Amino acid sequence: MTITITVEKDGFYEVNGMRHEPSVSLYVIPAASKLRRMLKDSKDLIICPGVYDGLSARIAMELGFKSMYMTGAGTTASRLGMADLGLAQLHDMRTNAEMIANLDPFGPPLIADLDTGYGGPLMVAKSVQQYIQAGVAGFHIEDQIQNKRCGHLAGKKVVGREEYLTRIRAAKLTKDRLHSDIVLIARTDALQQHGYEECIARLKAARDIGADVGLLEGFTSKEQARQTVQDLAPWPLLLNMVENGATPVITTKEAEEMGFRIMIFSFASLAPAYMGIRSALERLKTDGVVGTPDGLGPRKLFEICGLMESMKVDTEAGGDGFVDGV
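Residues are numbered in the working numbering as their position in the sequence shown, beginning at 1, plus a constant of 554.
One or more hints might be untrue.
[What the hints assert, rightly or not] Label-pair ranges, simulated between beta-carbon atoms:
id, residue 1, residue 2, range
1, H733, L835, 43 to 51 Å
2, I699, L838, 21 to 29 Å
3, I858, R591, 38 to 46 Å
[What the hints assert, rightly or not] In the DSSO-like style, the derived pairs of lysine-lysine whose C-alpha atoms are separated by at most 30 Å in a straight line are:
id, residue 1, residue 2
4, K594, K866
5, K807, K620
6, K588, K866
7, K588, K680
8, K758, K594
9, K839, K866
10, K726, K758
11, K726, K866
12, K776, K597
13, K620, K680
14, K597, K711
15, K620, K597
16, K839, K726
17, K726, K711
18, K588, K839
19, K711, K594
20, K620, K711
21, K807, K588
22, K680, K776
23, K711, K680
24, K807, K866
25, K776, K758
26, K866, K620
In case anyone wonders, no lab produced these hints; they're calculated from the structure. Remember, predicted model here, so these are calculated numbers, not experimental data. For glycine and all other residues, C-beta sits at the position ideal for the given N, C-alpha and C.
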């Protein structure tokens, strides 16, 4: 049988003389599935700049980053004005993650800090469910005590191995129950307190439970980072690069050569924001002006935050809010 398809100039087409209107089925791939595919279908290093609010996330998207990381330290600093000492709780973290993850449904997947899970197994399950519902693509959960602190500060304490594995197990059971592709990242902060071998033992146990990715926080040398990849191969590992923190500076090229699959830069936005804001306010105090560069006015900043998309929605819907421009 011969089938003849003719496409007309107006976009309609004919199949054996019968005219059809073109139709397009649009399917938005969930962010979690997108991140999982990135891990599975490529060996490239997934580079995630740390973002802490809508503006920093918008800038990362404008620059074309394929994934992002919502930092707990940045969320605590920006939303609470406090140090990263376990003060941000589920509501703070989830609402911030949800806002960032949903800025663009076609945008880069977001990995978010889940700290300790904020309680026992039931609370871990609740936290994971809320992250799934918020559109988060991946999260890491750690073994610090509830009264935790930033992974690059001294004095960290961790729970026993079995309690840690209870958290991992609760997270895995929840994502399976909800049939979610969200990427479960098992993190250990046990290096300071218990040493390298205990970290490897904890991560291997988390891997056996079903964690998708491992994270050993606070490497003290490049050699230790490289050894961890070898000791846990072929399980994918995440590297948290905090410049001027506990770990010596490792570049993205070095991390990829070592075999890491994901690399997050927790303070990539937060530290430059501090420097830029402080410099501008110092100038305001001394010179009476902020010194904003030419061309960086309100419209430019609003364009980064979706001004043109908002105008398009209003206009196409028949609104008149922008008939006179902006």
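Hints, verified against the model:
The hinted window of 43 to 51 Å between H733 and L835 holds, with their beta carbons roughly 49 Å apart. At roughly 42 Å, the beta-carbon separation of I699 and L838 lies outside the given 21 to 29 Å, and the hint is violated. Hint check: I858 to R591, Cβ distance near 28 Å, so the stated range 38 to 46 Å is violated. The hinted pair formed by K594 and K866 fails the criterion: a straight-line CA distance of about 36 Å is larger than 30 Å.
Between K807 and K620 the alpha-carbon distance is near 17 Å, which keeps this suggested pair within the 30 Å criterion. Straight-line distance between C-alpha atoms of K588 and K866 comes to about 27 Å, which keeps the hinted pair within the 30 Å bound. Proposed proximity of K588 and K680 is supported: the alpha carbons are some 23 Å apart, at most 30 Å. Our distance criterion of 30 Å between C-alpha atoms is met by K758 and K594, whose separation comes to about 20 Å.
Proximity of K839 to K866 is assessed by CA-CA distance (about 40 Å); at most 30 Å being required, the pair is judged violated. For a cut-off of 30 Å, the pair hint linking K726 to K758 stands: about 15 Å separates their Cα positions. Between K726 and K866 the CA atoms are separated by roughly 41 Å; this puts the pair beyond 30 Å, and the hint is violated. The suggested pairing of K776 with K597 holds, with an alpha-carbon distance near 21 Å, which does not exceed 30 Å.
Our distance criterion of 30 Å between C-alpha atoms is met by K620 and K680, whose separation comes to about 28 Å. A hinted pair counts as satisfied when its Cα atoms are at most 30 Å apart, and K597 with K711 does not qualify at roughly 34 Å. Between K620 and K597 the alpha-carbon distance is near 14 Å, which keeps this suggested pair within the 30 Å criterion. Between K839 and K726 the CA atoms are separated by roughly 52 Å; this puts the pair beyond 30 Å, and the hint is violated.
A C-alpha spacing of about 24 Å is found between K726 and K711, which places the hinted pair at or below 30 Å, so the restraint holds. Only pairs whose Cα atoms come within 30 Å are accepted, and K588 paired with K839 is rejected, the gap being roughly 47 Å. A hinted pair counts as satisfied when its Cα atoms are at most 30 Å apart, and K711 with K594 does not qualify at roughly 34 Å. With a C-alpha separation of about 34 Å, the suggested pair K620 and K711 falls outside the 30 Å cut-off, and the hint is violated.
Using a Cα cut-off of 30 Å, the hinted pair K807 and K588 holds, with the two alpha carbons roughly 23 Å apart. With a CA separation close to 36 Å, the supplied pair K680 and K776 exceeds the 30 Å bound. With a C-alpha separation of about 24 Å, the suggested pairing of K711 with K680 holds against the 30 Å cut-off. Pair hint K807 plus K866 does not hold up; C-alpha atoms about 40 Å apart against a cutoff of 30 Å.
Taking the CA atoms of K776 and K758, the gap is near 21 Å; set against the 30 Å cutoff, the hint holds. A distance of roughly 25 Å separates the Cα atoms of K866 and K620; the hinted pair therefore holds under the 30 Å criterion.
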